[in-house]
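Engineer: These are the residues of each chain, in order.
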Amino acid sequence: MTSTAIDSATRHKEDALRAWLRARQSVLVGYSGGVDSTYLAVVAREVLGRDNVLAVLGRSASVPLEQSLQAEAIATEHGVPLQIVDTGEVEDPRYAANPINRCYFCKSVLWEVLVPMSRERGLHIVVDGTNADDLGEYRPGAQAATEVGVESPLALVGLTKAEIRALSRERGLATWSQPSAPCLASRIPYGTEVTRARLAQVERAESSLRALGIEGNLRVRHHDELARIELDAALIDHWLEPANSRRIVEAVRAAGFDRVAIDLRGFRSGSLNVLDGVVAA
Amino acid sequence: MTSLESRLREVGFACRVETRERMAIIVPDTASPNREDRQRMIQLARTEGFTHVCVEIEPRGASLPRD
Chain R
390 MTSTAIDSAT RHKEDALRAW LRARQSVLVG YSGGVDSTYL AVVAREVLGR
440 DNVLAVLGRS ASVPLEQSLQ AEAIATEHGV PLQIVDTGEV EDPRYAANPI
490 NRCYFCKSVL WEVLVPMSRE RGLHIVVDGT NADDLGEYRP GAQAATEVGV
540 ESPLALVGLT KAEIRALSRE RGLATWSQPS APCLASRIPY GTEVTRARLA
590 QVERAESSLR ALGIEGNLRV RHHDELARIE LDAALIDHWL EPANSRRIVE
640 AVRAAGFDRV AIDLRGFRSG SLNVLDGVVA A
Chain Y
315 MTSLESRLRE VGFACRVETR ERMAIIVPDT ASPNREDRQR MIQLARTEGF
365 THVCVEIEPR GASLPRD
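Heads up: the sequence lines are chains R and Y, in that order. Counting with my numbering, you get residues 390 to 670 for the letters of the first sequence. Counting with my numbering, you get residues 315 to 381 for the letters of the second sequence.
Source of the hints: derived by calculation from the structure; they are not laboratory data. Careful, some of the hints might be misleading.
[Said to hold, decoys possible] Now the in silico label distances, taken between C-beta atoms and shown as ranges: (1) Y:Gln357 x R:Glu559: 41 to 49 Å; (2) R:Pro488 x Y:Arg354: 45 to 53 Å; (3) R:Gly605 x Y:Ser320: 53 to 61 Å; (4) R:Val474 x Y:Arg374: 55 to 63 Å; (5) Y:Gly326 x R:Asp481: 45 to 53 Å; (6) Y:Arg334 x R:Ala551: 32 to 40 Å; (7) R:Glu480 x Y:Arg354: 40 to 48 Å; (8) R:Glu501 x Y:Arg354: 44 to 52 Å.
It should be emphasised that the depicted structure is a prediction, and the values quoted were computed from it without experimental measurement. Beta carbons are placed, not taken as given, at the ideal position from N, Cα and C, and that holds for glycine.
Hey, can you work out the whole structure from these sequences and the hints?
Structural biologist: Here it is in structure tokens:
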């Protein structure tokens with residue numbers, strides 16, 4: 390699908406989403422400020438009105454501060470009622486041990502807070518931004534949602550990421566072109582403990598690299614003393630030029646890494662799942 | 315010396331290769347590789363069974379690259 394044209398199949402899916410939301414009367418949205426949950430929260434606010442929607446943003450060491458601030462700003466801009474809750478997944482030893490189903494424990498902690506909150510607020514259901522494309526991926530966090538009855542209406546009506554981007558663009562949502570932004574723990578190989586110090590190192594390094602002007606997809610993968618940088622393959626030539634690579638090294642060393650490497654294949658979503666053998670190469 | 319390191323040296327790229335399970339870390343003796351070198355590195359690393367290949371930039375102790 391092109392970035393501007395909305396085809397009739399996509400329109401029908403959005404109509405189905407609106408009908409689905411209307412039938413629920415009120416929702417609490419697990420909100421991250423990313424492409425999917427922003428679109429969902431805005432559509433829910435349009436359909437149900439401000440009094441029947443609450444977006445809740447989980448704040449923790451595994452979410453970059455800049456991302457949380459941006460999520461807050463987007464909700465405010467689009468009139469979506471927002472509440473921020475501190476989640477303590479990093480303190481959960483099951484999460485910190487960083488098993489391959491780490492996301493299950495993170496989401497369990499989140500939904501343990503959000504599901505009771507929805508009841509206290511009289512909101513009928515809790516929803517998340519899982520989309521139709523996500524259903525084919527390795528996502529242990531989805532199990533935690535299913536266990537407590539969290540629904541995924543974008544996936545239910547079959548909306549894909551590309552369609553959500555197109556519909557977001559049409560609504561003027563700044564998130565339409567935003568790269569995916571999984572939590573910082575996704576930069577730490579499975580089996581390596583997730584600590585506040587490691588998360589902070591990754592956050593500082595990525596923030597500094599953005600400040601240098603690196604655009605598009607960017608991940609700093611944490612391999613102990615070594616930072617392995619994944620960026621869009623088309624940008625590798627530019628950033629490997631000596632003057633630029635020197636700036637990268639300075640920025641990443643200042644964040645606490647001793648060694649810096651560029652991944653030669655560039656950014657790959659779920660790269661550590663491949664490295665750790667969770668999914669096939 | 316790893317097999318990948320031997321093969322890279324055979325094709326004229328002076329480097330050291332560290333391996334961490336399925337990841338190869340190429341530490342060049344001098345400047346960073348150009349695009350052609352990088353494509354060759356990726357191909358050779360795949361052949362050797364690596365899923366990830368990266369090149370260390372400005373490794374400590376290496377000669378300084380020139381602009």
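Engineer: Indicate, hint by hint, whether the structure satisfies it.
Structural biologist: Results of checking the hints against the structure:
1. Y:Gln357 x R:Glu559: 41 to 49 Å: holds (42 Å)
2. R:Pro488 x Y:Arg354: 45 to 53 Å: Cβ of R:Pro488 to Cβ of Y:Arg354: about 37 Å, so the range 45 to 53 Å is violated.
3. R:Gly605 x Y:Ser320: 53 to 61 Å: violated (35 Å)
4. R:Val474 x Y:Arg374: 55 to 63 Å: Check failed, 43 Å falls outside 55 to 63 Å.
5. Y:Gly326 x R:Asp481: 45 to 53 Å: Holds, since Y:Gly326 and R:Asp481 (Cβ atoms, about 51 Å apart) stay within the stated range.
6. Y:Arg334 x R:Ala551: 32 to 40 Å: Cβ of Y:Arg334 to Cβ of R:Ala551: about 35 Å, so the range 32 to 40 Å holds.
7. R:Glu480 x Y:Arg354: 40 to 48 Å: holds (46 Å)
8. R:Glu501 x Y:Arg354: 44 to 52 Å: Cβ of R:Glu501 to Cβ of Y:Arg354: about 51 Å, so the range 44 to 52 Å holds.
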